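S.K.: Whole structure, please, built from the sequences with the hints as guidance.
Chains X and A supply the protein sequences, listed in that same order.
Residue numbering for the first sequence follows the UniProt record's numbering, beginning at 1 and increasing consecutively.
Residue numbering for the second sequence follows the UniProt record's numbering, beginning at 1 and increasing consecutively.
Please keep in mind that the hints were generated in silico from the structure rather than gathered at the bench.
Just to be clear, a hint being listed does not mean it is correct.
Claimed, not checked - With beta-carbon atoms standing in for the labels, derived distance ranges:
#: 1; chain 1: X; residue 1: Glu-236; chain 2: A; residue 2: Ala-328; range: 43 to 49 Å
#: 2; chain 1: A; residue 1: Asp-292; chain 2: X; residue 2: Gln-27; range: 46 to 52 Å
#: 3; chain 1: X; residue 1: Pro-73; chain 2: A; residue 2: Thr-29; range: 19 to 25 Å
#: 4; chain 1: X; residue 1: Thr-26; chain 2: A; residue 2: Pro-199; range: 47 to 53 Å
For clarity, every value in this text was computed on a predicted model and none was experimentally measured.
Just so you know, even glycine gets a beta-carbon here, dropped at the ideal spot from N, CA and C.
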Amino acid sequence: MFADSGLLAVSVGDGTIQLVTPDGTTQSVQAHNGAVLCLSLDVDGLGFVSGGDDGRMVRCALDDTSTVLLHAPGRQIDVLAVSRPAKMRAVAIGREVRLLDVGGAVRSSAPGHPSSVSGLAFNPKGKRLAVAHYGGVTLWWTATLGQTPSRLAWRGSHIAASWSPDGTYLMTAMQECELHGWRVAEGEDIFMRGYTSKARSMAWIAKPPILVTSGADCVIGWSFAGSGPQGKPPLEAGQGIGQLVTQVATHPTRPLVAAGFEDGGVAICELMPNRENRSVRLRPAGGGRVSALAWSRDGTWLAVGTDTGALSLLELSDPAP
Amino acid sequence: MSASATSSATQDRIPVTVLTGYLGAGKTTLLNRLLTEQHGKRYAVIVNEFGQIGIDNELVVDAEEEVFEMNNGCICCTVRGDLIRIIGNLVKRKERFDAILIETTGLADPAPVAQTFFVDADVKAVAKLDSIVTVVDARNVLARLDDSHEAAEQIAFADVILLNKADLVTADDLAALESRLRGINPTAVVHRTERCVIPLEEVLGRRAFDLDRILAIEPNFLGEDDHEHDDAVTSIALHETQPIDVNKFNKWIGRLLQEKGQSILRSKGILDVRGSPNRFVFQAVHMLIERDDGKAWGLDEKRNSKLVFIGRDLETMDLKAGFAACIA
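M.R.: This is how it looks when you write it as structure tokens:
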């Protein structure tokens with residue numbers, strides 16, 4: 001996860017967050033007692049918020065002491081989301097969702113979702129919050145969280161949520177190795193099947209809107225141009241590597257996708273409709289499966305983390321392959 | 001461009017022991033004994049009543065028993081959604097632990113817990129079901145069997161049964177109890193305990209769900225006159241000395257579990273397959289089935305086939321005839 005300044009934060013299974021500056025110095029912050037389970041850039045674009053299996057939600061930044069924002073003993077804080085436009089952080093504690101403002105005060109809370117919350121996503125403007133759980137998604141208006149929700153129902157367990165960049169669509173990854181989604185204004189359902197694994201990692205190319213996912217043996221892209229992806233074959237890239245894609249991250253400005261594979265390999269793939277898409281392998285296999293991928297804001301650095309704790313920083317001064 | 005060094009190799013899958021049992025049977029006593037014994041092991045514990053029970057362990061996670069239906073065409077396929085998440089999170093810890101203990105509430109059906117380890121690819125990659133241990137209170141298990149179906153299910157799913165508070169009933173009652181438990185589940189190991197005092201190795205590291213350990217099945221073939229109780233959950237053990245046609249068997253068992261898997265809680269078997277030098281082993285939890293080649297038969301060994309079903313309405317399923325039709 002990169003900050004605006006190019007500062008990189010890496011979460012580690014020993015509870016530390018490693019802050020790596022662009023000149024290569026590293027500062028280790030003991031944020032959690034246990035594993036760090038989730039990490040996000042904070043509302044100011046400078047610091048980071050994380051959740052851990054010690055039940056804590058923590059903010060940390062360079063030359064700043066880490067601040068505990070929340071502590072729920074015995075719980076795992078594994079889902080959080082941050083909206084920079086709304087200057088809000090959302091965190092799930094079991095079935096409950098809380099909204100915290102910049103100062104760390106709890107603005108509102110919504111207990112009693114149908115099951116433990118497994119995904120949180122603010123819409124691009126930060127006015128709505130999608131809460132994924134068993135049986136569908138609960139949609140809140142950020143301003144009135146805890147009052148009257150609307151529900152997008154679909155049978156099964158929804159394990160991650162992601163909004164299209166224009167806020168028209170809300171997509172979820174499912175326990176059953178498929179995607180589900182809704183055109184939010186109409187509540188119309190969309191689903192995509194055929195994944196070999198859970199498509200937990202989702203990212204978007206902005207124009208034309210393409211949802212890029214993990215979960216197959218190549219990068220899968222669903223174009224939301226025109227009438228949307230329903231019933232159409234997906235775009236594919238990075239075929240032939242013969243490994244399951246475990247993480248995807250879209251380049252901040254170009255129609256490029258970084259894909260991390262089960263064997264630790266990383267490739268950069270073009271992903272454009274109506275053409276053959278090339279891919280370049282950047283990191284060889286090794287060090288366990290890729291569990292995290294992040295582009296710097298300007299797209300010149302790609303950070304790669306793997307299951308066994310290997311970190312690779314790849315500089316891509318000319319990202320055109 | 002730079003890259004830092006990588007660390008250790010892939011770890012073995014973490015064994016998971018599930019503790020079930022009716023309220024007050026002694027699950028928490030057993031759990032505390034497992035955790036406080038001087039064994040030098042580190043356990044992660046997943047419980048449902050965090051804070052209400054005194055458990056002295058740093059790795060305690062509070063879980064809600066969230067049973068999710070899977071939309072995979074299998075009508076009885078339910079999993080524990082909370083376990084999928086919690087186990088995935090636990091393995092992110094840098095310092096590893098030796099086992100995971102899951103305590104279920106007294107009213108829980110063990111099937112979704114077991115099925116989670118059969119169905120979810122992420123869980124399967126990091127953890128494996130070791131055994132299901134059911135603690136029963138010798139004084140009131142009979143009453144529980146009469147007034148609740150969960151009690152029978154917990155006994156049906158057990159690999160190990162602790163007949164606890166054994167000191168509080170007479171020897172005759174204990175023998176009768178044990179016979180009734182065996183009528184429900186002939187393959188579980190039954191231990192009589194007081195305050196759950198039992199050597200740890202009788203409870204942990206049993207590998208009861210490993211296919212190669214299915215070989216250890218020695219079902220207690222009951223004489224006809226032992227069938228004196230009408231428990232809703234019963235068992236049927238089948239034995240065959242002639243070799244089996246594996247294709248016929250696969251077709252039969254596949255269809256049987258597809259149609260009756262809701263009623264058949266657990267089934268397992270070791271088969272003498274015609275033409276194969278190895279034992280054919282299989283086990284199933286409801287409709288979810290696993291099968292593989294087991295150990296080779298010895299040259300002088302007497303080859304035969306054993307099959308055990310535990311469930312409801314078994315007598316209506318023509319199991320004996322169905323199995324006999326699989327003879328090569």
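S.K.: If a hint holds in the structure, say so; if it does not, say that too.
M.R.: Here is how each hint holds up against the structure:
no. : hint                                : verdict
1   : Glu-236(X) x Ala-328(A): 43 to 49 Å : 46 Å, holds
2   : Asp-292(A) x Gln-27(X): 46 to 52 Å  : 50 Å, holds
3   : Pro-73(X) x Thr-29(A): 19 to 25 Å   : 23 Å, holds
4   : Thr-26(X) x Pro-199(A): 47 to 53 Å  : 48 Å, holds
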